[in-house]
Amino acid sequence: MTREIYVVAHKFRPDAQQSAAMMADQLESHGFTVRKSGPVGDAEMVVVLGGDGTILSAAELTRGTEIPIVGINYGHVGFLAEVEPEGLPRVVEQITERQWTLDRRMTIDIEVMLPDGSRATSWTLNEAALDKHGQPMIEVSLGVDGRGVSSFACDSVLMATPTGSTAYTFSAGGPVVWPDVEAMLLVPVAAHALFTRPLVVGPNSELQVVLDSDGAKLVCDGRRELPVAAGSIISARKSDYPVYLARLNDTPFSGRLVKKFDLPVRGFRDRGRP
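Numbering-wise, our numbering puts 1063 at position 8 of the sequence shown, and it's gapless, one number per residue.
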């Protein structure tokens, strides 16, 4: 049976495009069928050459499937990527030999109930960001499981996954959550109130944000915008559809965190190891 690989490359990075063409040639020489457009179909893996934004676009293609994504970093931090460009030849070998493990990443379903009773829905792998748009601030009320928690004015409110905890919410001062923890984060940004701490809730909870003013926009993963207006209720729940990342090495999340953010660990002593 012919094995299929779907390849996605950053549209505006010539080096990523060139590497994608080279990788396609190598895969085809190993008997693979390589596809670069259309639905993912029966592909056994999606290979992404780009940054985290390109990986997020690939997650749209695999939504609702168990097809894993492996990222080769042609971006900046590339937190979701598995290897740097120089590791590309080894990636071809590992794909050919099926040498990878699956990393299951939780996603969140987002629903907006507008004042006229209509509804709009989307989902997010990183975060849903309710940002000010054309106004100095937005007014919001926050709730968890149908009970009010706090109200204030702010620049933004972020509803995020553990995967998203190293993205926008990280810049906003939210906690870093290990990706195998099933939880949702609610992080206010530049809020004018006493109780504005980030919240972390379990996978069976529901987050709500009521937009009490106009002048806001709601964007999921920086890609999918939903309509909002004063009086809208935004809800976030754990989704039934995770995203699967292919892991090509056994580096723990702590190691990835240190490497991607270049964290200083000089004083650390790993007891029990030589």
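Keep in mind that the hints were calculated from the coordinates and are not lab data. Among these hints, one or two may not hold up.
To be verified - Keeping only pairs whose Cα atoms sit at most 25 Å apart, straight-line, the calculated DSS-like set for lysine-lysine is:
no.: 1; residue 1: Lys1066; residue 2: Lys1293
no.: 2; residue 1: Lys1314; residue 2: Lys1293
no.: 3; residue 1: Lys1091; residue 2: Lys1066
no.: 4; residue 1: Lys1272; residue 2: Lys1187
Keep in mind the model is a prediction, meaning the values are calculated, not measured.
To see whether the hints hold, each was checked on the structure:
no.	hint	verdict
1	Lys1066 - Lys1293	violated (31 Å)
2	Lys1314 - Lys1293	violated (29 Å)
3	Lys1091 - Lys1066	holds (12 Å)
4	Lys1272 - Lys1187	holds (7 Å)
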